[in-house]
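Engineer: Protein chains in written order, with our numbering: chain B, 732 to 1117; chain Z, 13 to 211.
There may be inaccurate statements among the hints.
If you anchor each label on the Cβ, the simulated ranges turn out as follows [said to hold, decoys possible]:
no.	chain 1	residue 1	chain 2	residue 2	range
1	B	Ala800	Z	Lys36	21 to 27 Å
2	Z	Gln171	B	Ile904	29 to 35 Å
3	B	Ala1083	Z	Glu194	28 to 34 Å
4	Z	Gln172	B	Ala1083	57 to 63 Å
5	B	Asn910	Z	Leu51	52 to 58 Å
6	B	Gln893	Z	Trp105	46 to 52 Å
Because the hints were derived from the structure by calculation, they are not lab data.
All C-beta atoms, glycine included, are put in the ideal place defined by N, C-alpha and C.
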Amino acid sequence: MYLERLCLRNFRNYKECDITFHSLVTLVVGKNAMGKTSLLESLYFLCTGESYRANSAVELIRHTSEGFAVIGYFRSDERQGTHIRLDAIKPRQGAFRLKTDGVLQRRRSDWIGKFNVVVFSPESLDIVKGSPTFRRRWLDLLLSQLNREYLEELQRYGDILQHRNALLKRLSIGKGSVNEISIWDKLLLESGVALVGARHTALVQLSGIVETTHLSLTGERERLLLQYTPGLDTPGMVLSDITNLTDSFSEALARSRRNELRRGVTLVGPHRDDFTLDLETLNGNETLSRETARTYASQGQCRTIALALKLAELEFIRGDTGVAPLFLLDDVLSELDVKRREYLLAYLQDIAAQTVITATDKDVMGDELTDVHLLVVEEGVIINEN
Amino acid sequence: MQGYPLPLERLILQLQKLPTVGPKTAQRLAFFMLTLPDLETNQIAEAILEVKKNLSDCKICGTITDINPCQICSNPRRDQQIICVVEQPDDLWAIERTESHKGLYHVLGGVLSPLDGVGPDSLRIDTLFNRIHNNAVKEVILATNWDTEGQATALYLTQQLEQFQVTVSRIAYGIPVGGDLEYIDELTLAKALEGRRTV
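Based on the provided sequences and hints, a complete structural model is requested.
Structural biologist: Written out as structure tokens, the structure reads:
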């Protein structure tokens, strides 16, 4: 899938904007607060229906206007160069709408995953340093893009969880019947096991890619270990075995029952999932130390870890779909040292991933890439192109 | 600004209480009613009043009826040993239109939904158990919807019905008749595969 053209109307600080992409790599250059990031944000929104910065789509509407439109024209090389037009429209009053070739898409699961995207931005550091919520969101969005059933299961689990919490709250103040809770246990269990199973399979694969990528990025000097820690609080369970998993989850529910009734909230389940990131310092074949990245890694190490996770995400999507997703690099290239930057750019060229990069200075690219489409942005207007 | 005359304003406001009717539609309906002859507006008004006055819940199955017990419950030719449990009266008519259920019905009046504060006590579950207990019911068909709440309700009933000597079944879910496989969403197709039968 190749993005050929992007049109923005009343998106963030863009009133009207029409860009034709003619290289695999596009570099968007401008001073701060000129609209570089907004351009990437619009692309991300088009592919996912979400922003990676704002909480609601309304925030993306240019002030004083009644709504925004983002229109993308894609060419699918996998399908003999078929052209696809994608429209994302959000009126200030009313719901977000998405159309593919003019046809309204009713459900998010009908179109999500057709246009895959990976973004590496300063916010990506939250996956390393932030709360488990950030890591779950990252994983969920990745898996939802690739697997529609996963997305639907996730939504189902959310429904069940809300009902179960409401029931626990009622029981905690002496209302409702205890007979009911076993029903919601059973539904939670069924849906939760499906989610944990899918996350386990994905994380096993991802951890392998993450480890290799991180070794390359650090010149074999640091090893990054990613380990899934399901929110079931049951040591020794076998994640690849559905029966064992179901039993473990069921035991965990039974164990936390009293606490749950007291606190009126579901305490175990995939909504409490997390994964750990450990960093091993290597010297040849010898492991010198092992530390939790979240607490011990330096800012620079965290950035490298985040980059390894993002490249693994890209590789994971490529492995699943056979096509490299659109890669967005938001203001982070200048933060990487020369070696990591070179590795990254060489890799992107190698897999022919369409990439859009923002920077304050066009020299950030170095001499690695020759065919770069340069866009200069000022106050939400493209003032120069070459 | 001069608003509508008060009686018209009132009608527009009342019409907006109807589902799917917003201010614009209410306005159109109200102006349309102004053009109708008196006889017809009387008929509409009377029909609304009658429906409340002459309809009640069937004391056996809970559906909406003009005679009590309802036509189905008082029909001796219906199979008294099979009860089909549905959420709402309109579900009953949907199944009735298929003409493939010869037994009786039981309308729950909703589904379990802790989020909306609906527990088993708010549904007509006790009356269902009384019917099963007092009559020689052999089979209960659970025909609640296939969403989360409908599933939870079916699960709850299955568990509670274990105390009776009845067969409990759940309506199947899958491919619509005449449905083209290629147009069916993956989840429905997956469920249909799961629930496959030997032929």
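Engineer: Between Gln172 (chain Z) and Ala1083 (chain B), is the Cβ distance one that fits in 57 to 63 Å?
Structural biologist: holds (60 Å)
Engineer: Holds or violated: 21 to 27 Å for the Cβ distance of Ala800 (chain B) and Lys36 (chain Z)?
Structural biologist: 25 Å Cβ-Cβ, so the 21 to 27 Å window holds.
Engineer: Are Gln893 (chain B) and Trp105 (chain Z) spaced within 46 to 52 Å by their CB atoms?
Structural biologist: Violated - the Cβ-Cβ distance for Gln893 (chain B) and Trp105 (chain Z), about 31 Å, lies outside 46 to 52 Å.
Engineer: Per the hint of 28 to 34 Å, is the separation of the Cβ atoms of Ala1083 (chain B) and Glu194 (chain Z) within bounds?
Structural biologist: Hint holds: Cβ distance 32 Å, inside 28 to 34 Å.
Engineer: Hint says 52 to 58 Å; check whether the CB-CB distance for Asn910 (chain B) and Leu51 (chain Z) agrees.
Structural biologist: holds (55 Å)
Engineer: Is 29 to 35 Å respected by the C-beta to C-beta distance linking Gln171 (chain Z) and Ile904 (chain B)?
Structural biologist: violated (24 Å)
In the structure shown, a violation is registered for the earlier hints numbered 2 and 6, in ascending order.
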